[in-house]
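Here is how the chains run, residue by residue.
There are 2 protein chains.
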Amino acid sequence: MAKVQPRTLSGFMELLPARQAQFDRMADTLKKTYALYGFTALDTPLIEASEVLLAKGGGETEKQIYRFMKGDTDLSLRFDLTVPLAKYVAQNYANLTFPFRRFQIGKVYRGERAQRGRFREFYQADIDIIGDGKLDISNEAEIPSIIYKAFTAMGLKRFQIRVNNRKILNGFYAMLGLTEKSGDIMRTVDKLDKIGAEKVAALLVSEEIGLSQDQADEILKFIAIKGSNAEVLSALEGYRGRHELFDLGLDELNTVTKYLSAFGVPESHFAVDLTIARGLDYYTGTVYETTMLDHPEIGSICSGGRYDNLAEYYTDKQLPGVGISIGLTRLFFVLEDQGYLNDALNTAPADVLILPMTEDLAPAIALATQLRSAGIRTQIHAEQKKFKQKIGYADKLAIPYAVFLGEDEINAGVAAVKDMKTGDQVKLSADEAIAHIKAGLAKLNEGLPILDKGE
Amino acid sequence: MAKVQPRTLSGFMELLPARQAQFDRMADTLKKTYALYGFTALDTPLIEASEVLLAKGGGETEKQIYRFMKGDTDLSLRFDLTVPLAKYVAQNYANLTFPFRRFQIGKVYRGERAQRGRFREFYQADIDIIGDGKLDISNEAEIPSIIYKAFTAMGLKRFQIRVNNRKILNGFYAMLGLTEKSGDIMRTVDKLDKIGAEKVAALLVSEEIGLSQDQADEILKFIAIKGSNAEVLSALEGYRGRHELFDLGLDELNTVTKYLSAFGVPESHFAVDLTIARGLDYYTGTVYETTMLDHPEIGSICSGGRYDNLAEYYTDKQLPGVGISIGLTRLFFVLEDQGYLNDALNTAPADVLILPMTEDLAPAIALATQLRSAGIRTQIHAEQKKFKQKIGYADKLAIPYAVFLGEDEINAGVAAVKDMKTGDQVKLSADEAIAHIKAGLAKLNEGLPILDKGE
Numbered sequence: 000m001a002k003v004q005p006r007t008l009s010g011f012m013e014l015l016p017a018r019q020a021q022f023d024r025m026a027d028t029l030k031k032t033y034a035l036y037g038f039t040a041l042d043t044p045l046i047e048a049s050e051v052l053l054a055k056g057g058g059e060t061e062k063q064i065y066r067f068m069k070g071d072t073d074l075s076l077r078f079d080l081t082v083p084l085a086k087y088v089a090q091n092y093a094n095l096t097f098p099f100r101r102f103q104i105g106k107v108y109r110g111e112r113a114q115r116g117r118f119r120e121f122y123q124a125d126i127d128i129i130g131d132g133k134l135d136i137s138n139e140a141e142i143p144s145i146i147y148k149a150f151t152a153m154g155l156k157r158f159q160i161r162v163n164n165r166k167i168l169n170g171f172y173a174m175l176g177l178t179e180k181s182g183d184i185m186r187t188v189d190k191l192d193k194i195g196a197e198k199v200a201a202l203l204v205s206e207e208i209g210l211s212q213d214q215a216d217e218i219l220k221f222i223a224i225k226g227s228n229a230e231v232l233s234a235l236e237g238y239r240g241r242h243e244l245f246d247l248g249l250d251e252l253n254t255v256t257k258y259l260s261a262f263g264v265p266e267s268h269f270a271v272d273l274t275i276a277r278g279l280d281y282y283t284g285t286v287y288e289t290t291m292l293d294h295p296e297i298g299s300i301c302s303g304g305r306y307d308n309l310a311e312y313y314t315d316k317q318l319p320g321v322g323i324s325i326g327l328t329r330l331f332f333v334l335e336d337q338g339y340l341n342d343a344l345n346t347a348p349a350d351v352l353i354l355p356m357t358e359d360l361a362p363a364i365a366l367a368t369q370l371r372s373a374g375i376r377t378q379i380h381a382e383q384k385k386f387k388q389k390i391g392y393a394d395k396l397a398i399p400y401a402v403f404l405g406e407d408e409i410n411a412g413v414a415a416v417k418d419m420k421t422g423d424q425v426k427l428s429a430d431e432a433i434a435h436i437k438a439g440l441a442k443l444n445e446g447l448p449i450l451d452k453g454e
Numbered sequence: 000m001a002k003v004q005p006r007t008l009s010g011f012m013e014l015l016p017a018r019q020a021q022f023d024r025m026a027d028t029l030k031k032t033y034a035l036y037g038f039t040a041l042d043t044p045l046i047e048a049s050e051v052l053l054a055k056g057g058g059e060t061e062k063q064i065y066r067f068m069k070g071d072t073d074l075s076l077r078f079d080l081t082v083p084l085a086k087y088v089a090q091n092y093a094n095l096t097f098p099f100r101r102f103q104i105g106k107v108y109r110g111e112r113a114q115r116g117r118f119r120e121f122y123q124a125d126i127d128i129i130g131d132g133k134l135d136i137s138n139e140a141e142i143p144s145i146i147y148k149a150f151t152a153m154g155l156k157r158f159q160i161r162v163n164n165r166k167i168l169n170g171f172y173a174m175l176g177l178t179e180k181s182g183d184i185m186r187t188v189d190k191l192d193k194i195g196a197e198k199v200a201a202l203l204v205s206e207e208i209g210l211s212q213d214q215a216d217e218i219l220k221f222i223a224i225k226g227s228n229a230e231v232l233s234a235l236e237g238y239r240g241r242h243e244l245f246d247l248g249l250d251e252l253n254t255v256t257k258y259l260s261a262f263g264v265p266e267s268h269f270a271v272d273l274t275i276a277r278g279l280d281y282y283t284g285t286v287y288e289t290t291m292l293d294h295p296e297i298g299s300i301c302s303g304g305r306y307d308n309l310a311e312y313y314t315d316k317q318l319p320g321v322g323i324s325i326g327l328t329r330l331f332f333v334l335e336d337q338g339y340l341n342d343a344l345n346t347a348p349a350d351v352l353i354l355p356m357t358e359d360l361a362p363a364i365a366l367a368t369q370l371r372s373a374g375i376r377t378q379i380h381a382e383q384k385k386f387k388q389k390i391g392y393a394d395k396l397a398i399p400y401a402v403f404l405g406e407d408e409i410n411a412g413v414a415a416v417k418d419m420k421t422g423d424q425v426k427l428s429a430d431e432a433i434a435h436i437k438a439g440l441a442k443l444n445e446g447l448p449i450l451d452k453g454e
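From first to last, the protein sequence lines stand for chains A and B. The first sequence finishes on residue 454 if you use numbering that gives the first Met the number 0, and the numbering steps up by one all the way, no holes. The second sequence finishes on residue 454 if you use numbering that gives the first Met the number 0, and the numbering steps up by one all the way, no holes.
Keep in mind the hints are simulated off the structure, nothing from the lab. All the pointers check out, no bait thrown in.
Pairs count within a copy or across copies, as identical chains cannot be separated in the list.
Below, simulated DSSO-like cross-link-like pairs (lysine-lysine); rule was C-alpha separation at most 30 Å, straight line:
| hint | residue 1 | residue 2 |
| --- | --- | --- |
| 1 | Lys387 | Lys316 |
| 2 | Lys437 | Lys148 |
| 3 | Lys133 | Lys148 |
| 4 | Lys55 | Lys69 |
| 5 | Lys395 | Lys148 |
| 6 | Lys384 | Lys133 |
| 7 | Lys31 | Lys148 |
| 8 | Lys31 | Lys426 |
| 9 | Lys31 | Lys442 |
| 10 | Lys31 | Lys389 |
| 11 | Lys384 | Lys426 |
| 12 | Lys133 | Lys316 |
| 13 | Lys225 | Lys148 |
| 14 | Lys180 | Lys220 |
| 15 | Lys257 | Lys384 |
| 16 | Lys180 | Lys198 |
| 17 | Lys384 | Lys316 |
| 18 | Lys30 | Lys148 |
| 19 | Lys437 | Lys31 |
| 20 | Lys437 | Lys30 |
| 21 | Lys384 | Lys148 |
| 22 | Lys417 | Lys133 |
Just so it is clear, the structure is predicted and the values come from calculations on it, not from any experiment.
Same shape as in the complex, but just chain A:
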């Protein structure tokens, strides 16, 4: 028979089993953390009517969308989890209770140019809190604190959540009479890390944007405000009283900073940073980006912010919210690429491999049933293979324990339990074996998915 070459599309991540186990541990940590903060899980379709998904229309994203006809229906694959959330909340408004806290971890699709570390199918892991008409400022501190807890629970140490407020930026540009140009300015300032202050200044006074040298200087002076959070906030006080929106933004930033500490985020892990703007127009208050301190070149691994109108394309209801998104597939790629994955993690498909040494499998099955009832992941190796091959199977898969069950053991009511790492072998009753194996596994499973040698 003629064969088709099996292959996976470029830009689509497909992992070998041990790597998949590491990915799943990270995703599980996120799920558990999000759940501990009272977020409910949602699962929305990957396909939506194009008319609904692209209600907002336009923009860079539209070109990347996987859009196609099925019969005479115009369909699109979701490109983020925010638009489906907006649709969901507008559609189910009467059946939801607000503030509505939801998390979603799911695949999204963008037909980007294929290049290393860029994915066309990738997981996003989002949390959002949606209010009905109003939403308290404290939520804007809780959201990044959840990210702090989640990353820490994964084992990541050297990261920083950078916080700013769009009202401060918009208020500041209003002071300079530059409200109409603020979009262009923010997009330019966003390049600061990449191209440096001088080139940003040159762009600002270029014909395209057209600021005066004084205005450009004021802007560069403003975004050059650095230091501890207290120092930055204090420097910002110097601008107070010149514009209402700015003052409101500064109040909000003060409150968020105060609550971030209360929510348990140490000063080392968050920074007020006036260069953070977030491209999207719909953010209206606090905005976040998260960087790995030792790998700033990677850019933000987790971003989001406060918005006033989640679902304005679908409903007249005012639905303000705050949310944050982790690009999980890209983060996993970066962590693997930079050597952050903890390969000591137990990624075996089973904790125990039982090797029956008798033709009758019944005693092996009975023991397996006992181990599984105790929560121990157990395989029986019942293939007609040589002993060496069976042990090799446990070895290759890094299964921590092998259990031998021969006539002698069965008659004595014991099993021979071998620690595959140390080679130690002991004969134990089923109950003793369970206790012995569970103690060993507890140690093995202590490890976190990320091994951050920093600090």
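Got chain A; can you put chain B on it based on the hints?
Using the frame of chain A, we list chain B on its own:
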């Protein structure tokens, strides 16, 4: 602003939060059960190159496939999890260890005619064991025993796994000299439940299939063999010695039946059933279907079998396997529709809602942190709303506990913990509150996702 009507495509399941929690509990039960049996989790792309996905080509399924161009690439959405598995195993053969045991729970796509209870996007939950060249018969008993455990762990009681062997059927038709017509015959016999024996007999002797009356009678006599498993197996012994393949199949069925008991499946939950054939040509040994005893009209809720060549379209390697698949979305729909979902299950987004009664949120946040560290899912209600509205929020979401934290409580180092169901309220220290709440939750979370009143 003109609004777009928010809607979800027909044939796509999108659940409200409480229902989603029930669905997720079912999926989690499957994941846990599969993992306990030593299966590794896989996650393959939803999109594949059409050339790869449709290597097998033809058939009913092809018309239903979501297939489209992106740029000049011909893409298709997966329509099951078996073809992606075949691709994965062929592609990663050198990096896998056999027998390879994998589970995958993921969405698949089929553009079926939209009708009630039929889905175009739906979850399949599959397990497969793939051998390299050979695979022991005991796997053919372990696979359905895992399904028995999984369904039982979900709370389902009145179901039966029906087992047959394709070698018995093929051997039987060979005895009658009907090998070439066996496909047509099996498809006709498959209609027995729906149209009855008389109509099946009429179809068999019709011009299209063209059997003699004697042959049709032999077939109807054969598939009419009923009774306990021992009775059916004993009746089959009467055919032994007439065809090698039949004899081999009967040996296999005897072995699988014996091991099914050893693997812990009670006689009440499996039945040797000679009418089970499974449409797909690639099954070569044991085949399974699973029916709900009180709802046979629903058809099989879990099917599969033994095959000799998983990946023949991609590789020359002989990769025999055995697998089974649950159509999870359809099963969930049926369970909801038939009133099987356990609505007493704790589906709230949080276990505790803290209501801070002071302006400073710090004490509430500190308490929330303690509860979360103890594994209790906790929300803080920090909105500027009336007390009644806040309690209404806990009520509507069925959050089991509300915790009030005012000046008095803070000064006394306690919190007022209210059981929202009984209305009982007690003042407790943080540690006492944790113990109190955990004891209550343990009871609440005892329930299984399915409430099967049968038996």
